[in-house]
Every structure is written in C-alpha cells, then in structure tokens.
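A.B. asks: These are the residues of each chain, in order.
There are 2 protein chains.
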Amino acid sequence: MQSKKTNIPFSLTSESLVSDLSEEQLISLLVEGWRKSKREVIASIAEDCAVIQAEKKELYYLFKMDATVENVHFDPSSPPEWIGRKALARALSDIASMGGEPLYALVGLGVNRTEKVERIKQLYKGLTDLARAIGMDLIGGETTKSNQLFIVVTVWGKTDGYKPILRSGAEDGDSLFVTGVLGGSYDSGHHLLFIPRIQEGQWLAKGQWAKAMMDLSDGLATDLPRMAKASNIGFEIDYEAIPVRKNYGLHNALTDGEDYELLFSVAKEKEIDLIKNWPFEVPIKKIGTFSKNGKMEFQDGYRGFDHFQKSRGDY
Amino acid sequence: MQSKKTNIPFSLTSESLVSDLSEEQLISLLVEGWRKSKREVIASIAEDCAVIQAEKKELYYLFKMDATVENVHFDPSSPPEWIGRKALARALSDIASMGGEPLYALVGLGVNRTEKVERIKQLYKGLTDLARAIGMDLIGGETTKSNQLFIVVTVWGKTDGYKPILRSGAEDGDSLFVTGVLGGSYDSGHHLLFIPRIQEGQWLAKGQWAKAMMDLSDGLATDLPRMAKASNIGFEIDYEAIPVRKNYGLHNALTDGEDYELLFSVAKEKEIDLIKNWPFEVPIKKIGTFSKNGKMEFQDGYRGFDHFQKSRGDY
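Going down the list, the sequences are from chains A and B. Using the working numbering, the first residue of the first sequence is number 1, and each one after it goes up by one. Using the working numbering, the first residue of the second sequence is number 1, and each one after it goes up by one.
Incorrect hints may have been included.
The list treats identical chains as one, so a pair stands whether inside a single copy or across any two.
[Claimed, not checked] BS3-like cross-link-like pairs, simulated, lysine-lysine; straight-line CA separation at most 30 Å:
id, residue 1, residue 2
1, Lys246, Lys276
2, Lys206, Lys57
3, Lys270, Lys36
4, Lys38, Lys163
5, Lys38, Lys158
6, Lys163, Lys36
7, Lys158, Lys36
8, Lys125, Lys36
9, Lys285, Lys57
These are computed hints drawn from the structure, not numbers from a lab.
Could you put the whole structure together from the sequences, leaning on the hints where they help?
C.D. replies: Right, here's the structure in full:
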C-alpha cells in the first residue's frame, strides 16, 4: 500500500491529514504557488540544494536547509555532541552531493525551558567542532523555546570554477556508482557519525567524472528512482553488487535510509579510469546501469524511508 | 529579578536549566566555540543579519534565519495564512533593518502527522503570497514531522551599491528615530499582519540617512540597549515622544516586543531634512538622542520580551 502512495493520484478533502499523504505528495501541494522569477535560479526544490548562478563566470552558490528533530532524527539517549554533529552533517551531505564546498552556516535551535543547559552546550560543541574541522564559519542563527528539541541548519556553499552536479544528468548507458556501504544506518549509529563525502563529491565534480549525483538519505529504493525521473532514463540494478553494511541485508540497503553516501552516474567509457584513479579511502562500487530499456522504479515494491508514513516515535 | 539576569554573571552547573538563563546568556554560552575564519564575514550573531562581502565592490549578502513556533509565536486559533505570512515577514524585517533587498528564501516545516493538510496548505499560501508580492523567490526547504508545528525561514538578501546599516554606527549627538507605533503587537494582531519596512529601510540606507539601524522585535527596552552597547554610546529617551499603539500604554511600548518597526540613528544636522524628505506613509518619530552622558540601559528596570523567561504557553 505504501509503495503506491507516491505514484497514484490522491484525492484531497478538507479533512485529509498529513499522514494520508507521502512526503512528496505533501511537498507538491505546499509549493503549488511557487514561481521562478529570477533567471539566476538554476535549481530549487527538485534538487539536493538550491543553486544560484553568481555574476562571476563558473561561480555557483548552493543552499540547503535541514531540520533535525528529537525522536524523529535521533533518540533522546544519543550523545548530545553527536546530535549537533549530525544536524550540520546532514546539510553538508547535500552540499557534497553537488560537488560543492561548504562556506557558512546558520543554526536554529528550538529548546524546552526545562532542558539542561549542559546538554545543549554539548550539542553546539559537536556542531561547532565539525564546522571548524571542515573550515566553515557559523555566522548566525536563532533560538526559540519549543516543547520538542529541534535544530535547523542552513548551509551556504559554492562551486567555483566548475558546475554543480545535478540529479538530472544521467544518460543511457551510464554506469551507476555508490560510495561506502548501505543499510542499518539508524540502528548501527552510522546516522550520527557519518562523514559527509565533501572531498569525494568535489573530486567527482571538478574532474567531470559524475554526470548526475545525489546523496542517499531516504534509501536507494526511494532515491535512485528520483535520479532516474530527474534524468528521464530507466535503470537496471545488479542487486548482488549493492554494498551492504555488515550484519544487515539487501532490504536494509534498499529501504533503511540515512546512508549519506553518494549515488552518481559516470559515462561508461570513463568507468575503468574512475576506478583506477579513485584517491579516497571510502570504496566505490558499480551497482547498475542507466538504460532506456530499464524502469524508473524498483519492480518489487521496495520503498525507502518516509517520515510521514513510517514511525520512529509516533505522533 | 528578570532585568538582572542579562547583566550579572551567572554560575552554571551541570544541573542548570535553560529557564535559569536569559536568551542572551544562553546564546553566549552556545556560540563560545564559534570563530571567524573568513575575512569576508562582516557581521554575524551580534547583528540583525549575517553580512558577507561579495567579490564585487559594494555588494553585500545578508542572511537571516527565523523560527516561528505554535504557542510561542502564534496561537493555534490564528488564521493559517497569517501564520505563514508572519513566518516569512519576521525574517524580512531583519533584512529591512539593514537596508537590504530580499532575494530568496528557504522554508522549513515541522508538522504533526495528525495535522490537517488544508491548514498547512493555507499556511504556505500566506507565505507564498507575501514572497510573490515582494518579488522574491522561494527556492527550497525541508519538511519533517514534529509534535509541535514550526516554520523556519532563511532569507538571503543583499545591498548592492551601498553598505548595510549595522547596529554599531550610532554616535554622540545622533537623533534616535522609530517608525510606526509600538506596543500591544501580540494582543492586537499586529504581530501577524505587520508590514516589514523593506522600502523604508532601503531608503534610509541608500540615502545615508541612518547611521545605525535595527528592527524592534523584543521591545524598545531590550532592543535600544543592544544598539547602545553595539555603538558604545549612551542614550536619553523622551518618554512622552514614544509613539504608543491606541489602547495601549508606555509600558507596552517598551516591553511587549514584536513591533517589527525600525529603530535608527540619524546625524543631528540631517534631522530636519529627514523629516522633510520622508516619502512613506508610515510615520517616523524622534524619541531621543544618543549621548555620552546617557546610560546604556533603561534606568527603571524595564525589560522587553524574553522567550525563555516570560511564557505564552508554558513548557
């Protein structure tokens, strides 16, 4: 049933609840009135980041907002430094997925009056330490009370001298690659301590290796069809090639979400050179091919994580 | 008691709660590790917006994030279109307070699964209508579930050909002006329907009228001392000159908050020309003078709104 929600038309009444829709359906309703009025807006909601073309040639600005909410994106028992770290790292993963360089961030906090100051200090320490390690500046933010802890981060990044990689560049015959291993992110703790693939993304963009790229946040079974649709090309998956986290299975790799790995397409003729020249510790793996004969969905009803459907903490 | 919390040192223990601190104290703790590493960062957390100097001469980018939370910034019974409108207008008021032109915004939403879709659609309609009326583009965002409705907006603006006006430019002898009327914002509904002073702010900045400027969000009694401290100059207030909203009193004008009017300093010798040339419908009023003989605080213990101290809906 869930797998159909994204694909079939839905009828909306004045009594419809958020839980009656998939996240994509909800978003499509909310942005109905949005219009592009400025020609320098290269990409907006359909991509991992919004992209603004600057006046200077080959300079592009990237923007991404991410919200990290208690009992949704982390358990209350998680170490607070790791929570803060994750709040920034999630947005950085999107900057990475376009090959961008992160520059600045704004940090918003919603916090209960009865929260311990020490916990929030630690949370900010984790976020601040990651920002400094990466060489970006935290330049502003917002604090408000709320009854549920949340952190919202907006990151501003850029690509300077090269184009950001969109989801829409994959073509017939391209090889499909993924970094790292997939599945079990939430249960294994990877979702708190993952390393955003910033250097890898920049290398893939600057060297014109990747033609299409995105980060895996909702699971391969949800995210790959998004890339296929953006590129208007089908795909054929080699299920046995999918790199699965130890102690987890193929189903986890397809549907768990929060992998924060890069998914990218490479021209077939560059495939061998890519593997030979790949300079990073994290492995890359070819998991399939874009093909006009392939489908744009997983045939077997696999679907990834949807915040409004699947519940970790139900409200 | 409350008025002292901002000024006296506080002792923090591992058991301290957020409610033991003022919002300013909390923020000062959270940003302890923040460092400026990039020279193009002109202003950050101490100002209404973060300011980044672009490569082009006299081009500055402004960034502001604001969070709008149910039962904190609006009542559940408020018309949803007005809630969405406010969520964007709050951040626009900060862009206005530097004389900036708003360009783009990202919109983040936290929403309960049991929320009616129609209410959220209306909320986005109010926000979208305001964005279109102002000529800015909504270019991205985030949706997540949460048990309390919140909207986080990040606005990107600019000043092109002139400098943004900071809080720190007031000098001895400057006249202190305010737009509109103050007080009673929340109870009167002004907090939902206020018009961000974007044109007025740009006029004051481009014409080099304002030397220091900010928007009044926490009440004159909290915000004016912030400007005084940023400029390192005292002030003398003419209490009888303060423009008070009809049916409200001086105490409301000083402490209620959410006025979203401009507070700005003007060189004494420009005062008459300013009044003569002011081209807008909203009135301006001189309410005092910056003076090295003045104090940087209100003497009588007046303090404005503090989210973590005063409660509209207690949690």
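A.B. asks: Which holds for Lys158 with Lys36 at a C-alpha limit of 30 Å: within a copy, between copies, both or neither?
C.D. replies: Both. Shortest intra-copy (21 Å) and inter-copy (18 Å) distances satisfy the 30 Å Cα cut-off.
A.B. asks: With 30 Å as the alpha-carbon cut-off, assign the pair Lys163 and Lys36 to within, between, both or neither.
C.D. replies: Classified as both: same-chain Cα gap 20 Å, cross-chain 28 Å, threshold 30 Å.
A.B. asks: For the identical chains here, do Lys38 and Lys163 meet the 30 Å Cα criterion within one copy, between copies, both, or neither?
C.D. replies: both (19 Å within a copy, 23 Å between copies)
A.B. asks: Can you tell me if Lys270 and Lys36 fall within 30 Å by alpha carbon in one copy, between copies, both or neither?
C.D. replies: So Lys270 and Lys36 fail the 30 Å test inside a copy (35 Å) and across (41 Å) alike.
A.B. asks: If the cut is 30 Å between Cα atoms, do Lys206 and Lys57 qualify within a copy, between copies, both or neither?
C.D. replies: The answer is both: 15 Å in one copy and 28 Å across copies each meet 30 Å.
A.B. asks: At most 30 Å between CA atoms: does that hold for Lys285 and Lys57 within a copy, between copies, both, or neither?
C.D. replies: neither (34 Å within a copy, 46 Å between copies)
A.B. asks: Quick one: Lys125 to Lys36, C-alpha cut-off 30 Å, is that within a copy, between copies, both, or neither?
C.D. replies: Only across copies: Lys125 and Lys36 sit 16 Å apart there, 38 Å inside one copy, limit 30 Å.
A.B. asks: As a check of your reading, is Lys38 near Lys158 (CA-CA no more than 30 Å) within one copy, between copies, both or neither?
C.D. replies: For Lys38 and Lys158, both the intra-copy (19 Å) and inter-copy (14 Å) Cα distances are at most 30 Å.
A.B. asks: For Lys246 vs Lys276, is the C-alpha pair at or below 30 Å within one copy, between two copies, both, or neither?
C.D. replies: within (25 Å within a copy, 75 Å between copies)
In the structure shown, a violation is registered for the earlier hints numbered 3 and 9, in ascending order.
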